[in-house]
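Q: Please build the complete structure, drawing on both the sequences and the hints.
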Amino acid sequence: MTVTTLAVLVLLLPFLGAAASLLLGKRAPGFAQPLAVLPTAAAFVLAAIVAVRQGSGPATDSAHRLTPTGSVPIDIALHLDGFAVLIAVLVGLVATCVQLYSTGYLRDDPRYVSYSALVAIFTSAMFLVVYTGDVMVLLVGWEIMGICSYFLVGHYWETEVARSASIKAFLVTKLGDVPFLIGLFALATDAGTFRINGILTAATHGELHHPTLVALLLLAGVAGKSAQFPLHTWLPDAMAGPTPVSALIHAATMVAAGIYFVARLLPVFETSAAAMAVLAVMASVTMIGSGLAALAQDDIKRVLAYSTIGQLGYMAGALAVGDRSAAVFHLLSHGAFKALLFLAAGSLIHAAGTNSLAAMSRMDGLGKRAEDAMWTMGIALAALAAIPPFSGFFSKESVLRAAEHASGGHTAHIPSAVGWTVLVAGLVTAVLTAAYATRLFLLAFRGQGAQVPDHGRDPAVMNVVLWVLAIPTLGFGMVSLVPKVFDLPAWFDGEELAPTLVTSVLGVGLALVGVVTMYGAWQATAARRRTPAGAVVAASAAAAEPALVEEAALELPPAGKAADPGDPGRLLLGPLHRPAAAGFHLDAVYSALFVRPVLAAASLVRFLDREVIETYVRGTGAAPRLLGAIVRRTQTGNVQTYLSVLLAGSVVLAVLVAVGA
Amino acid sequence: MHLAYPAVLAALLFSIGLYGVLARRNAILVLMSIELMLNAVNLNLVAFDVWLRDTVHAGQALTLFVIVIAAAEIGIGLAIVLLVYRNRGTSDVDKLTDLADREEKAEAAA
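First to last, the sequence lines map onto chains A and B. Our numbering applies: residue 780 is where the first sequence begins, and numbers increase by one. Our numbering applies: residue 1292 is where the second sequence begins, and numbers increase by one.
Bear in mind the hints are in silico, worked out from the structure with no lab data behind them. As the structure is a prediction and not an experimental result, all values here were calculated from the model. Glycine included, each C-beta is placed from N, C-alpha and C at the ideal position.
Some chain B residues well away from chain A (every beta-carbon gap over 12 Å; in silico):
hint, residue
1, HIS1293
2, VAL1299
3, ALA1302
4, VAL1332
5, THR1346
6, LEU1353
7, LEU1355
8, ILE1358
9, GLY1366
Interface residues of chain A toward chain B, partial, derived using beta-carbon atoms under 8 Å:
hint, residue
10, ARG1411
11, GLN1414
12, THR1415
13, GLY1416
14, ASN1417
15, VAL1418
16, GLN1419
17, LEU1422
18, SER1423
A: Here you go:
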């Protein structure tokens, strides 16, 4: 089979699996789990084969035109290059792990069939986004992911939190998607084609007439999808979905789509210095803001969500300094370790019966209860904090290296100010990242107080998945930089990705500063953690499904929101803690800017409809009714009256005729 | 004979009949009044037929038609009156107002 056929199979397998499981799921529940896992696993294997066959060779293109559109043509096109095939492998790996984990985590869920089918459709859509060579087809995958995300965030729709979070996720991403669509149309009109290759050719030849406008419109969509400031607010709330969904969608794949899109169309963005500057500022604000917010969060999944936002900020920063290799490198390593973090957090929430860090910090023996989760999470947090030799170190260093390169003015098209912005923000964020990673680990696993209630052991498959994901977290960075084993730069644009001495010393030093500071703060606040805080889901039967604990924890009163005095992040942030915990009140801004005007407009429309339009409608009914009541009086049923009136009428007519004549 | 005599007589008969139809309460008397009106018309037809010296005597022929139809009409009419009387014990036209559109009925239906 050719590489193209294999790639098409990769696209179709999860989709067909989802269709089959939706058709069969209710009738044959025994098939639900194999139908969920096997197609995705097969797609992963095929994606790996595609990656090996494609290798670092020239890009494979294949296109098929279904029908002429009359104006700019739309092709079913595939474009396989090093970026696409490697990201596809990541997507396949994470999706397979998530499907496997879900067989344990959601094993008794009544909506498991539709859940796994949606995850599979989502995986298919992500493959489509990654492999496609036509922006319109890309948009299709992009929007399918959006709607799947909406459904999956709202998986626990019995809870108010999940319902509002799913709607928020959908609306906020749509807020970016509308300009995105307009931007795509403008781009295609300028370039005369929807094919990415054609667009890139047009961009490099300077044939785009409105590069800044197009790039800014596209950036709005990217900001929505990849949760960049100011459209990031949906991502922390999206944690109301089941943990595997957070791992797949909100860490490893969907949010990476925006970054991938910019990476694919980087020459278009490079034609506009303003767009690159906006991207750099956006990335920098996102990085630092999300780092501060992550330090103040109490919900473990929200900490991870903010860290996702921050890491996506790193990728956006790498793109802003024109280095898409570094961005995609970080995307790959981040995808693996963030999926691991979320899945481990799922095990942890199951073991602790709460997702509040304040409550976990008052529990003893959580590390023993969830030992696999503790070790794998430790590895992943080290990768997140960019401690060598974990994968996050290498990829983050490649980003910093690119920023440093640009700050010296050595990168074409990129002003050195942009480089400096990204570099400084990246270094500040390195401290923050290390600090919140340390805080998460210490609060979750080094708690002291009452023994953890027993929520039953995790199914073995969940722990296996954690260790599988720990392999790339440990090794991907090192392997990818030894050219003899796996020549990553050759798969990409050939740019050097290995860390330089200056940035690695700076980065690791700052990360260590963050770790040590947080450790000190943690020690200092130890005494304040004696008082119990927050409710915990009561221990249930040992056989209970892991996800049930999470669902129950969603409905607990928000314990740590009231500010936990024993939180080391609180000590470090000082007066910043309160705004940071609330995500810098950006939700309030949105509520003032969008929600309230929309609600006011809606009540105006309601008034116009109820009071004005309905009055007319009622009037059209009431007037004939009134006339009818008058006419009804004359219909007495007495024939002689009718005849008298008839006679009178005839006489009147006769007289009139006579007078007229 | 001058045309005025039959014409005036017919007009009188018609007026009496009209008064009877509009004012009498008994349905049989109403039917009788209709007969009066029809016969007033018949008288007119015959009188004018003679006065105009119509060679085909269309007036007389039409009179025969009217008589036949009046006979049929009175037959059906009396049968209806008879049935109404049997059902209701009265043939008072004023009381036969079932087809009136009454407010409360219309609203109950709505």
